[in-house]
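Note that the protein sequences, when read in sequence, are chains V and Y. Using numbering that gives the first Met the number 0, you'd call the opening residue of the first sequence number 0 and step up by one each time. Using numbering that gives the first Met the number 0, you'd call the opening residue of the second sequence number 0 and step up by one each time.
Bear in mind the hints are in silico, worked out from the structure with no lab data behind them. As the structure is a computational prediction, the values presented were derived from the model and not from experiment. Just so you know, not all the hints are guaranteed correct.
[To be verified] 25 Å max Cα-Cα, derived DSS-like pairs, lysine-lysine:
| id | chain 1 | residue 1 | chain 2 | residue 2 |
| --- | --- | --- | --- | --- |
| 1 | Y | Lys40 | Y | Lys110 |
| 2 | Y | Lys102 | V | Lys102 |
| 3 | V | Lys102 | V | Lys62 |
| 4 | Y | Lys84 | Y | Lys40 |
| 5 | Y | Lys3 | Y | Lys85 |
| 6 | V | Lys102 | Y | Lys85 |
| 7 | Y | Lys40 | Y | Lys85 |
| 8 | Y | Lys94 | V | Lys90 |
| 9 | V | Lys39 | Y | Lys71 |
| 10 | Y | Lys94 | V | Lys62 |
| 11 | Y | Lys102 | V | Lys73 |
| 12 | Y | Lys78 | V | Lys102 |
| 13 | Y | Lys3 | V | Lys39 |
| 14 | V | Lys102 | Y | Lys94 |
| 15 | V | Lys102 | Y | Lys110 |
| 16 | V | Lys73 | V | Lys39 |
| 17 | Y | Lys85 | V | Lys39 |
| 18 | V | Lys102 | Y | Lys84 |
| 19 | V | Lys39 | Y | Lys94 |
| 20 | V | Lys39 | Y | Lys110 |
[Stated by the list, open to error] Footprint (simulated), chain V over chain Y, 3 or more residues, beta carbon under 8 Å:
| id | segment |
| --- | --- |
| 21 | 51 to 62 |
| 22 | 101 to 107 |
[Unchecked claim] Label-pair restraints from in silico Cβ distances:
| id | chain 1 | residue 1 | chain 2 | residue 2 | range |
| --- | --- | --- | --- | --- | --- |
| 23 | V | Asp93 | Y | Gly74 | 25 to 33 Å |
| 24 | V | Leu100 | Y | Gly74 | 47 to 55 Å |
| 25 | Y | Glu32 | V | Ser104 | 14 to 22 Å |
| 26 | V | Glu67 | Y | Ser18 | 31 to 39 Å |
| 27 | V | Val117 | Y | Glu76 | 40 to 48 Å |
| 28 | Y | Gln91 | V | Pro92 | 18 to 26 Å |
| 29 | V | Glu21 | Y | Asp36 | 41 to 49 Å |
| 30 | Y | Asp100 | V | Met89 | 34 to 42 Å |
| 31 | Y | His87 | V | Asn61 | 39 to 47 Å |
| 32 | V | Asp59 | Y | Glu32 | 25 to 33 Å |
| 33 | V | Glu88 | Y | Lys94 | 18 to 26 Å |
| 34 | V | Pro92 | Y | Ser1 | 37 to 45 Å |
Note that beta-carbon positions come from the ideal geometry of N, C-alpha and C, so glycine has one too.
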Amino acid sequence: MNANRVSYTLDSTLETVNNAEETATRIATEAGFDDEEIMKISMAVREAAVNAVLHGNAYDPNKKVTIEFERSAKDLVIVIRDQGKGLDEMKIPDPLAPDNLMKTSGRGIFLIRSFMDVVEIHPSATGTELKMTKHVHGNAADSKEASQ
Amino acid sequence: MSMKSSTRQVDGVTIVDLSGRITLGEGSVVLRETVRDLLSKGQKKILLNLGDVNYIDSSGIGELVSAFTTSKNQGGELKLLKLTKKVHDLLQITKLYTVFDVKDDEAAAVKSFS
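Isolated chain V (complex conformation) (with noise of 0.2 Å):
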């Protein structure tokens, strides 16, 4: 197995979303990304998570979620997937209409695109499958081609 590479098989609970988000804080942190962008990836990774166990899995206790976080000079590559029924992000309003501003739900997918560079989501009838990417770039970039 890579080194660079882990992956989590995970129940659907909420401390799993917990687990979740201080996983991405360490790896983040790892990374050398600095504290904003940790910030940023753990709550991006905090919001799928919650996605995966309340909307996809819905505390399902016979379906996993599993998290993936794959690091390289260039990138922080973290996949989420759950066995859902597959989200269909046509029909997720956008947050930011006025007609949606109030509503008291709906802006955990708006927030990982905010926070990550690249995010790619991927339904099927099997599960969601959501890929999200965040550039190393300034003091996280200069470590880590200083360690290579």
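Let chain V serve as the given structure and place chain Y on it in line with the hints.
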């Protein structure tokens, strides 16, 4: 760190001092129950002090919106006090910053209630 909440009265305004994280689960529930409890007691001038709230997720944002709307629908007023940079930035990117009445100074915030 989970969220903690305590309330105090200043000149007819209930100040809710919150600290910790407002996230899916405990934090969101504490906020919801605190505001619901105040409104049921007729305490309708509510100032949420977020000075020690260091983290909020989309569920927490949803709870703030819910608290604001619920207060308004019951003839009350809910304002926010002392946003941390993280919370401020989140309310900016979600375009909610101008929806809420946000204050920096507690005395001025208390006076601003009608």
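For each hint, the structure was consulted:
For the proposed pair Lys40 of chain Y and Lys110 of chain Y, the alpha carbon gap of about 21 Å is at most 25 Å, so the pair holds. With a CA separation close to 23 Å, the supplied pair Lys102 of chain Y and Lys102 of chain V stays within the 25 Å bound. Taken as a hint, the Lys102 of chain V and Lys62 of chain V pair is broken in the structure, with Cα atoms around 29 Å apart against an allowance of 25 Å. Simply put, Lys84 of chain Y and Lys40 of chain Y have alpha-carbon atoms about 32 Å apart, too far for the 25 Å limit, and the pair is violated.
In summary, the hint linking Lys3 of chain Y to Lys85 of chain Y is supported, as the alpha carbons are separated by about 18 Å, within the 25 Å threshold. For the proposed pair Lys102 of chain V and Lys85 of chain Y, the alpha carbon gap of about 21 Å is at most 25 Å, so the pair holds. Between Lys40 of chain Y and Lys85 of chain Y the alpha-carbon distance is near 32 Å, which puts this suggested pair outside the 25 Å criterion. Our distance criterion of 25 Å between C-alpha atoms is met by Lys94 of chain Y and Lys90 of chain V, whose separation comes to about 21 Å.
Our distance criterion of 25 Å between C-alpha atoms is broken by Lys39 of chain V and Lys71 of chain Y, whose separation comes to about 32 Å. Annotation: proposed proximity of Lys94 of chain Y to Lys62 of chain V is violated, straight-line Cα distance about 35 Å (limit 25 Å). For the given pair, Lys102 of chain Y sits about 41 Å from Lys73 of chain V by alpha-carbon distance, which is inconsistent with the 25 Å threshold. Of the supplied pair hints, the one linking Lys78 of chain Y and Lys102 of chain V holds, its CA atoms being roughly 18 Å apart against a limit of 25 Å.
Between the alpha carbons of Lys3 of chain Y and Lys39 of chain V the distance comes to roughly 24 Å, so the proposed pair stays at or under 25 Å and holds. Pair hint Lys102 of chain V plus Lys94 of chain Y holds up; C-alpha atoms about 12 Å apart against a cutoff of 25 Å. Of the supplied pair hints, the one linking Lys102 of chain V and Lys110 of chain Y is violated, its CA atoms being roughly 29 Å apart against a limit of 25 Å. The hinted pair formed by Lys73 of chain V and Lys39 of chain V meets the criterion: a straight-line CA distance of about 17 Å does not exceed 25 Å.
At most 25 Å may separate the alpha-carbon atoms for a hinted pair to count; Lys85 of chain Y and Lys39 of chain V meet this at roughly 10 Å. Proximity of Lys102 of chain V to Lys84 of chain Y is assessed by CA-CA distance (about 23 Å); at most 25 Å being required, the pair is judged to hold. The straight-line distance between the Cα atoms of Lys39 of chain V and Lys94 of chain Y is roughly 18 Å, inside the 25 Å bound, and the hint therefore holds. In summary, the hint linking Lys39 of chain V to Lys110 of chain Y is not supported, as the alpha carbons are separated by about 36 Å, beyond the 25 Å threshold.
Coverage of the segment 51 to 62 of chain Y by chain V holds in this model, with 6 residues showing a Cβ closer than 8 Å to a Cβ of that chain against a need of three. Residues of the segment 101 to 107 of chain Y with a Cβ under 8 Å from some Cβ of chain V number 0, which does not satisfy the need for three, so the listed coverage is violated. About 31 Å separates the C-beta atoms of Asp93 of chain V and Gly74 of chain Y, a value consistent with the hinted range of 25 to 33 Å. For Leu100 of chain V and Gly74 of chain Y, the hinted distance range of 47 to 55 Å is not satisfied, since their beta carbons lie about 22 Å from each other.
Between Glu32 of chain Y and Ser104 of chain V, the C-beta spacing of about 18 Å keeps the proposed range 14 to 22 Å intact. Between Glu67 of chain V and Ser18 of chain Y the CB atoms are about 34 Å apart, so this pair conforms to the stated range of 31 to 39 Å. Take Val117 of chain V and Glu76 of chain Y: their Cβ atoms lie about 42 Å apart, and the range 40 to 48 Å holds. Under the hint 18 to 26 Å, the C-beta atoms of Gln91 of chain Y and Pro92 of chain V, about 20 Å apart, fit the expected range.
Distance hint for Glu21 of chain V and Asp36 of chain Y: a CB-CB separation of about 31 Å, inconsistent with the stated range 41 to 49 Å. For Asp100 of chain Y and Met89 of chain V, the Cβ-Cβ distance of about 35 Å falls inside the hinted range of 34 to 42 Å, so the restraint holds. The hinted window of 39 to 47 Å between His87 of chain Y and Asn61 of chain V holds, with their beta carbons roughly 41 Å apart. Between Asp59 of chain V and Glu32 of chain Y the CB atoms are about 27 Å apart, so this pair conforms to the stated range of 25 to 33 Å.
In this structure the supplied range 18 to 26 Å holds for Glu88 of chain V paired with Lys94 of chain Y, their Cβ-Cβ distance being about 20 Å. Under the hint 37 to 45 Å, the C-beta atoms of Pro92 of chain V and Ser1 of chain Y, about 31 Å apart, miss the expected range.
Violated hints, listed in ascending order, are 3, 4, 7, 9, 10, 11, 15, 20, 22, 24, 29, 34; each of the other numbered hints is respected by the structure.
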